[in-house]
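**Student:** Numbering (this note's numbering), first residue to last: 2 to 342.
Quick caveat, the hints were computed from the structure, so don't treat them as lab data. Note that the Cβ used here is the ideal one computed from N, Cα and C, for glycine as well.
Here are the simulated PhoX-like pairs of lysine-lysine, each with C-alpha atoms no more than 25 Å apart in a straight line: (1) K233 / K97; (2) K200 / K119; (3) K277 / K264; (4) K19 / K308; (5) K134 / K119; (6) K59 / K233; (7) K315 / K277; (8) K127 / K315; (9) K127 / K271.
Label-pair restraints from in silico Cβ distances: (10) S340 / E73: 43 to 53 Å; (11) N69 / D137: 27 to 37 Å; (12) N5 / I43: 33 to 43 Å; (13) N307 / R44: 30 to 40 Å; (14) R44 / F20: 29 to 39 Å; (15) L164 / T332: 21 to 31 Å; (16) L164 / K264: 20 to 30 Å; (17) Q294 / E270: 15 to 25 Å; (18) E73 / L164: 18 to 28 Å; (19) K264 / K308: 19 to 29 Å; (20) E270 / K12: 33 to 43 Å; (21) E58 / E198: 17 to 27 Å; (22) L232 / E175: 15 to 25 Å.
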Amino acid sequence: MKLNEHISQLKGYPTADKFEYEVGVMSNENNYGPSPRVYAAIRAINDVNRYPDPLAEKLREKLAEYNNVPSENIVCFSGGDEAIRTILGLFLSPGKTLLGHAPTFAMYPIGAQYYGAKYEAVSLEKDFSFTQKQLDAILEKSSAASAIALCNPNNPTGNEIPLELLEKLLNAVETPVLVDEAYFEYHKQTVANRAVEGKAIVVRTLSKAFGLAGLRCGYAIAPKEIADALLKAKLVFNVNSVTQAAALAALSDLPHMHDIVEKTVADREKLFTALKEKGYSAYSSTANFVLVQDAGGELYKKLLDNKVLARQVKLPGFPPEQYVRISIGTTQENERVISLL
2 MKLNEHISQL KGYPTADKFE YEVGVMSNEN NYGPSPRVYA AIRAINDVNR
52 YPDPLAEKLR EKLAEYNNVP SENIVCFSGG DEAIRTILGL FLSPGKTLLG
102 HAPTFAMYPI GAQYYGAKYE AVSLEKDFSF TQKQLDAILE KSSAASAIAL
152 CNPNNPTGNE IPLELLEKLL NAVETPVLVD EAYFEYHKQT VANRAVEGKA
202 IVVRTLSKAF GLAGLRCGYA IAPKEIADAL LKAKLVFNVN SVTQAAALAA
252 LSDLPHMHDI VEKTVADREK LFTALKEKGY SAYSSTANFV LVQDAGGELY
302 KKLLDNKVLA RQVKLPGFPP EQYVRISIGT TQENERVISL L
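All chains should be modelled from the sequences, with the hints used to inform the complete structure.
**Tutor:** What follows is the structure, given as structure tokens:
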């Protein structure tokens, strides 16, 4: 069978290495786990023979309350990845261009290729910061792009785009701008209000701070016109009934989430400080991980030898052994990582 050429050339998402480990700090997960209410909600489910609500209306209402936006501006997905893929499908097709930055989350170049489009990247600074220089480059190229995708905070680097630069971009362009806020809970900067105003499309997830990575629940905050289009474009029963119940339970226990975020941020700063004190070149982060220069992969190997699995990261222009990304696990796990530096 002959596949579409752009599909046959897909490289696929680079998953973490498959090794035995005792501490997993490779996927930016919440190692504490979700609220106990989540497990109680899952145990109470007794109607999996029925299709789930295709519009996830109760969940949209709860997310609207959490984000202080109208529910008509929210669409739920089976993870942030599905949200990204579906949103890109509204704007991309063969010959079109998705404009973004490099490095970035791998799903953006992959998503562009999936639709036969081109991913054009503006390089971040050497320290991976986003400055006026990057804003100017994006503005210059924006009119030729069908969509713009920005990660804030960025994965895998952890840095944020200054809000004033992001606001300048949103005010200056007519091109649709997707802002990936998967790590919003860890740094609190958002343009969700601009999505309601019609100037952005925001993607969020419950996989990180809320601890629902295994259940796959993400959502978009979008202008009503875009939200209506996404409701038509998404798979009908894309968020299953177990996930909807679990997400509602997680959102009903915000103190649990806030407590974990507070611990994670404190431990992130402890790890960053320890890395710097040990002579590593680490990058300041506003997410739940720290990126570290790792020439020859020595730190990655040392952690792995001690049953701690981190993530080697391939960045444009660098071999994979040059960088390692370390997620922030529990306080005990973080102390174990620090002890191995």
